[in-house]
Structure formats: C-alpha cells, structure tokens
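Visitor: What follows is the residue order along each chain.
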Amino acid sequence: MALLLVLNPLPFHSPVAPPAQIPGWATDTTPVRQPKMKPEYQVALFKFECNACHGIIPPPANTQVRTVTQHREVVLKHGINTWCLNCHHPQNRNVLVNDRGEEIPWDQPQRLCAKCHGPVYRDWLHGAHGRTNGYWDTSRGEQSRRKCIECHDPHQPPFPPMRPAPGPETLRMGPQGPGEHGEVHNPLRLTGYGEGVAAGYLEPEEGN
Amino acid sequence: MKKYATFLWDCFRLSFVGDWRYHLWMTILTLVSLAGLNAYCHQLVHGLVATGMTDQVSWGLYIANFTYLVGLAAAAAMLVIPVYIYRNMHLHDVVIFGELLAVAVIVMCLLFVMVDLGRPDRFMHLLWRFNFPISMLTWDVIALNGYLLLNLHICGYLIYCAYCGRKPSPVFYVPFVFIAIVWAISIHTVTAFLYVGLGGRPFWNSAIIAPRFLASAFAAGPAFIILTLQIVRRFTRHRVADDALLALRRIVQVAMIINIFLLICEVFTEFYTDSAHVASSQYLYFGLHGRHGLVPWIWTAIGMNLVATLLLVLPASRGLRVLNLACILAIAGIWIEKGMGLIVPAFVPTPLGEIVEYYPTVHEIVIGAGIWAFGLLLYTIFVRVSVPVLAGELTYDKRAGRSVQMGLAKE
Amino acid sequence: MGDSREQDTGSAAERNSSELTRRGFLSHGVVALAGTSAVAAALAPLAHLKRDDIPTIEEFLQKHYKEMTAEDKERVFSRIAKAVESRYQVRTKLADPPPMAGVEFVYGLNLSRCIGCRKCVHACVEENNQSRSPEIQYIRVLEMQKGSIDVETSDHHYDPPLVPNSAKYYMPVQCHQCADPPCVKVCPVEATWQEPDGITVIDYDWCIGCRYCEAACPYWARRFNFAEPEIAPDQVNPNMAYLSNRPREKGVMEKCTYCLHRTRVGRMPACLEVCPTGSRKFGNVLDPASEVAYILRHKRVYVFKEDVGTIPRFFYYFDERGSRYSEPIAPAGTGGSG
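As they're listed, the protein sequences go chains A, B and C.
The first sequence runs contiguously to residue 208 in my numbering.
The second sequence runs contiguously to residue 411 in my numbering.
The third sequence runs contiguously to residue 338 in my numbering.
Hints are computed from structural coordinates only; laboratory data are not their basis.
Heads up, a few of these hints could be off.
Computed footprint of chain C on chain B; a stretch qualifies when at least three of its residues, placed anywhere within it, have a C-beta under 8 Å from a C-beta of chain C [what the hints assert, rightly or not]:
| no. | segment |
| --- | --- |
| 1 | 39–50 |
| 2 | 115–124 |
| 3 | 134–144 |
| 4 | 196–203 |
| 5 | 351–362 |
All residues carry an ideal CB built from backbone N, CA and C; glycine is no exception.
Okay, chain A solo, but in the shape it has when bound:
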C-alpha cells in the first residue's frame, strides 16, 4: 500500500489555462475622440484658422444641397441635419451658430448640439449623459467632463462601433460560444429587427 502511494497514483494535472492576452487598448481610458477645441484646419503640415480662407470667400447662398468641393473628408451623416450652416456660422467660420444667428465659441459645442438635442443636453448638464472622470468628490480632486464632440463626431454623431475586448475564459468553463440559446416562439421578437447586423451607423437613433 505504502509503495503504491509512493508512486503517486493520482498526479494532479492543472486545468488552469495560461493568462489570456489582453490588448492594451482594453484598459485605455482615453476618450474615443480628441478633437481640437479651436477652429483650426490642417492640410499636410500647414495649419490654418478657418477664417484664413472663409474670411475671404463669401458664404454660399444656402438654397440647395450641393456637393462640396472642399473639405471632402467630411462625410455628413447627421440625420435630417444636412446643412453645413445649420451649425457653422455663415459669416464667421471661426465660431458656431445658435438659433438666433448669434455666435457660439468653438470650445462650447454643447450649446450648439443643445439646439436639437434638448433632453440629452439636459442630462449632460446633470451628468446623466456623457463621461465624468477623475474625482466624484470634487472637494478632493479635479473632475473632468467630456463635451459632446469628444465622443461623437459632429458630422456622424452615432457612437462609433468598436471591437469588443476578449470575453470570459473561466476555469473549466467548457465549450461556450455565442448564440447557443434556443428560442421558442416569442411575438416580441418576430420583427427580425436588424438581426445579426452590427449597428451604430445603420440605426441612427433620434434624439441622440
């Protein structure tokens, strides 16, 4: 018996998997966008203030949808908001414009967005929308609030889809895969709404 046990008849083989490789971006706290908070336009190495050109070029007559000849990198997919000058001030391109035609400074974009997105703006004011980082207790440290355009591209506002970080790989989890759950007939899911489609761009959400 003793001999038998000395031979260690029950060796232990660990089922523990090696640590998963987690990409660095998964824990990166940088906001998805770092827009310039000033009216600056860059072509190659040259940086211009917007009015460097627009101070000279007269504003177009806003009568019909045109194909832009400049700024062609801008893809405007902002729902029914299809006019540049809905947001950009017609005369002073270094600023944005409010409903009364008055100027909104470039670093106050939330006041522009609030023109249409009132409820979201209100939530944002109270911190119920958007990122708040740093200290929850402002008496102990600084708190930062992100503005609209630090998450949303003003020309294509829906939050950009992204690659998900690696999923769980727990001990003895066994084969697990997406979509294993069978489905009985459920009237609530008969619409087949966007099934299997990565959303975001495809499903512009009103009121964002």
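Fit chains B and C to the known structure of chain A by using the hints.
Guide: Leaving out everything else, chains B and C in the frame of chain A:
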C-alpha cells in the same frame, strides 16, 4: 475512570478481531480511505481546482454527499420513534444500530464539509466569530455536532453500561433519546433551510424542499438499516427478528410513497407553470440548450425510486430478497436524487444565465469514496464492538479471566 | 484516519490477542509499521506545499479585521506588504481608507448607452489585482435580446468583429452592493460584512472558503480562488488596500468593492474611468447634487432582480426619447464646461 479507559481499550482491541472476511473488508476500507487521504493531500496543495467545481457550479460532489448523509443520519430517529413513542418493541433491539449509524454518518458529514472548505486551516474562525443565528450554516454546525454528541452519549452510555454489567438508568438516556428524535428532524430541516433560504436560486427556493428531505431521509435511512441488520445477524450472534425488518419495511414503504408524491408535486409545479424559474429543472430532467449532463442520472434515480416503491408496495417485498433489492434501489436512487440531483442543477444555469456543466474530477471522486470508506469503517467497528458488549459477552468483570475474552474473539 | 486497522492485513494468519508472546509483539509491530508508512505515503503530496501555504503562528492568530486595534493593523499591514514585495517585487504600502462620513455609494449604468465593449471588465481586473490565471473577473457583460430582460436568453461569450449589435442590448453585471446582502447573511464566520458607506467587503484573511456566499448571491458577483492566483509582477497594481485589491490567496472568496481604495479617497472606480461611452455613473447618493442622485430622481430606473429583495445599490437606467417636456432645460451658459 480506569474502568472507562479499560472499556475504550477493549473496544479498540476488539475492533481488530474477526475472521478473514472481516479483515478483508476492513483492509479494503482502509485502503480506500488512504487513497482518499492521498487525493485530499493533492487538493490541499493545489486548492479546490483539483475538483470539478467552478465559480459557476460552486458546490458539487462533496456538498451533495453531505446533504444525502444528513438524511441518512436522521434514520436513527425512525427506529427510535416507534420504540419510545409507540412502544413498538420489535425494533427495540436494533435501535442502537440506528444510532451508531447516525454517529458514523455524522462524522462523514463533517468530513465532507471539511474537504469542501477552501481554507480548512481557518476552521477555528468558526469558534471566534460565529454568525449565529443569522447564518443557516452555523445552525447546521450546531445541529450536526449536537446530534453527534447526543448519539455518542446514548450509544456510549448504553454500551458502557452493558460493559459494566449494570442496567442503564433511564434518567441518563431516555430524555436524550427524546431530544435526539426532535434533533434528528431538525438536522434535516436546518440542512434543507441552508438551501431553501437562498432567494437567488429558484430551484432551491421552494418550501417543499424540507419535507422532501425528510421523506427521502426516512426512506433511505431505514432502508440502509434493513441491509445492515441482515449483515449483523448473518455475521454475529446478535439476533434480529424478521419482525423488526418488516417494521422498518413499513417505514420505508410509506416514506417512499410520500417521497414520490412530493416529487410529483414539485415537477408539476415547475413544468405546468413553465415560468422563467423552470430552467434548472429543465436542465435536470431534459437538458437545457444542448447540455444534458444530469439527465441520465436523474432518470436512473427516478426509475430506481419508482421500482423500489412498487416493490415495497407489493406483498412480495415481505420476502427478504425482494426487500433487499428494493432497499438497494431506494438507497441508490435517493443518493442520486438528493445528491447530484438537488445540488448541482441549482447552479445551472447561473443567476446570470450562463450554462457551465459540472463533472467531478478523479480526485474529487476518490476523496468522496475515501470518506465513505472511512465512514463504513467506523460503522463496522461500532457494530463489531457493540454486538458482543451488548450481548454481555465482553464485560469488565469477565475481563479478569482472559480466556473468556479469547473465546469471544474466536467467535 | 483509520490507519492502524492496516496491520491485520499483513499477517494473514495470527489473530491471537495474547500480545505478550514474542510472535504477537513482532507481528503487531510489523503491522503498525506498515500502517504508519502507508499513512505517511498517503500524506506524501503535502511535501509540495509551499512555505506560503502553511500559515505562520502570526497568520494563524491574526484577528478579524473589526477586532484589530490600530497597532494590530500596522503590524499586519506591514507583514502583508512585505509578503507582497517578496512575491511580486512590488513595493507597496497597504492602505486602509475608512468609510467617509455622510457618504453612501451608488452606481448607475445606462443601458441605452452601453455598447458591450467589455473594457470595464479588463480595467477592473487590472485595478483590483485579480488572478489572471485562472481568470477571475468581477464584471460580466451580458448581450441581451431586445424584447427580453431574461438573462437566460443572454449571451456571455459574444465575440463579433464590432459591437454593438443593433438587435441586442448590453447589460454589465457586477456586485450590486445590496443594502440587504444575502451573502453577508449566510457567512458562518462573519468574514464578509457591509460597511457604513454601503460597500460589502471581505476580510480575505478570515474567510474559510465555504462558498456559501457564492451560492447565495443572486447576481453571481462573488468569485472563489480555486487555484493559487497568478499575476505577473509587472501587472500588479501597487495602490492597494486591505479590504479591497491586495493580492488574494487561494481558497478564499473575493468580490467587487467599488474600488474602495480609490472611491474612499474621492476618485471614481476603475470600471467607470475606462468606459468609453460614459454609461457608468458613480457617486454619493446622500448628496442631492450628485449625478447618481439626479439620475435616481429623474431617469427611468431599473433594478435587476428587484424581486429577490436584496435592495441593491446598483441600478440600471434608460434614456427616454423626448419626454419630460414639463421640466425646464437649464438656460444655456450655465452648463458651459465642468
């Protein structure tokens, strides 16, 4: 005191004495126990990763066996109640075997809990900060240890009295017998409450669990004793009347019928309602989303229970061969049903709907087998020692003449 | 163990009880020896125990956190810091930030905004020194079916090239820091308790590893160290506290503590800091000006498994579309920057 020490020493010596079958049996049990100890040492070194348990299914074979054995332990009460409350003297001579069984089984229960602990070295923390009466686990600690002490006292006292050759004084054991009856029911109830009180586990969160526990315990326990008594009367000179076995048969019969009835109640409620809470039962009985780990087990258990019940109801089970078959089926069926069938499905799916199946590892199974072997070893010794002592073959007075004892040893 | 029964096996023949004879003495001796060596062999795997696995007298006698005096804490904390340094080569000072007066923490999560990117999961692991192997994560992100709040139809293992999937919504679940926590109720040794600021903590040095709390939690928020937790030394976060993210040992439970080593000094928890969409909101619910207080007052709030009666301090909320016109929008200008 010296007399008591002599008593213990005699018991110790007596446990080594027997014919070759006895020694073979004891050797096998010892080997299995040691294998279990060996596997447990691996578990101590590597942690509970040596078992098949996961964060998803965080209790497995150990707690399943613990649950089943708590039921078995209460079987003693089912022998005691007829004798002391209903004055049914058929069972009088066998009560002690039930109580000895309770002692051995409670020791197994405690071992199963110990091996389930992640930090057994901190066991003493239970004494320093005992979350009583809030945590049901503390109730269980009290209930099990109390039951162990009660039965140790009753058996120890009766056997010691027999050893000393004096008549046991009822004052010193009858009150304890009555306490033990209530206590036997409480160990079950408290163990059931351990599970029933968890709102996050709908599979357990049902009032019927405690009655089902009792019913199945009162079936499996006496069934186990029926088998034991036959072994006792075959291998020792202790006489066990058929009447005693048949009295036990009646208990098993009724308990099995109630057990099946409660099972039907449970299954009906779950599946006819078909609410979101059915998932665990669905997994247990039919499989869920392509996972069927427990389905063959539970149907085997149900099949065994049904056949056992049928056999017990038939007059044929007054014959010992049929009765034994029914008992074996009932014990195995309830072991599966109360063990794996009650513990594991509550964890599948998890409270967040994930399905991870549980398969015990070799180490886990060997540890479990080791504890069972150790429990049987204890019980064998208890029976081995108590039979001649109670028969008056080994007493303090006779000890003086060594020859008498040798004669006994060669029985 | 029932070791010494062993002896009968060896000598098949002799069953005599006259141990006074030489033969009897010898056979008993042989048998006892065989028994002892079998037990020793059975115990052989214990030789692999590491020194750290065996509790020292000091560790064995360590008091429960709540019973420790200031001096006790100082001694224990420096011992733990030393152990961490020898194991991970990371110099650390174990903190023990007390709960702040007049603060009760609450967490809000915007289900309309979460895109299921799982960044919170990994930021949490990095912050809280969870075991990387085997993997322990406090946050589970569920990909839910639209038209259902039933977690059983959810998918934990989704892995599309891009999230969100417009046919789904995403629900991260972590410890809800319940006001009536079932995990605390069931613990037999009071190794886990609720702090005055609402955070349920564990004394990792007191837990006996029975996993009853894990069975009791309706949110599957507790994790057990089945194996020795493994963290690469360069991944260890040196900012650690006794009750939160100090490295754990095998055999004990652990759980989310709302990053109390951060939040009790006024900072946001790590899962919130990393959230790219701002779906996570944290703060002091007793402060009416806090974000969470505003959300609870004004937004549509959903409490997951409210029916289990644990009264969570974690809630989900939704963005309604164009409602509440009766409420005035604050005049422009007041909400410049912040």
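Visitor: Please count how many residues of the segment 196–203 of chain B have a CB within 8 Å of a CB from chain C and say whether that reaches 3.
Guide: Coverage by chain C holds here, the residue count being 5 at a Cβ distance below 8 Å.
Visitor: At a Cβ distance under 8 Å, does chain C reach at least three residues of the segment 351–362 of chain B?
Guide: holds (count 4)
Visitor: Count the residues of the segment 115–124 of chain B whose Cβ falls closer than 8 Å to any Cβ of chain C, and tell me whether that reaches three.
Guide: holds (count 8)
Visitor: Verify this for me: three or more residues of the segment 134–144 of chain B with a beta carbon less than 8 Å from a beta carbon of chain C.
Guide: It holds, with 6 qualifying residues against the three required.
Visitor: Using a Cβ cutoff of 8 Å, are there at least 3 residues of the segment 39–50 of chain B near chain C, or does the coverage claim fail?
Guide: holds (count 8)
Of the numbered hints given earlier, the model fails none.
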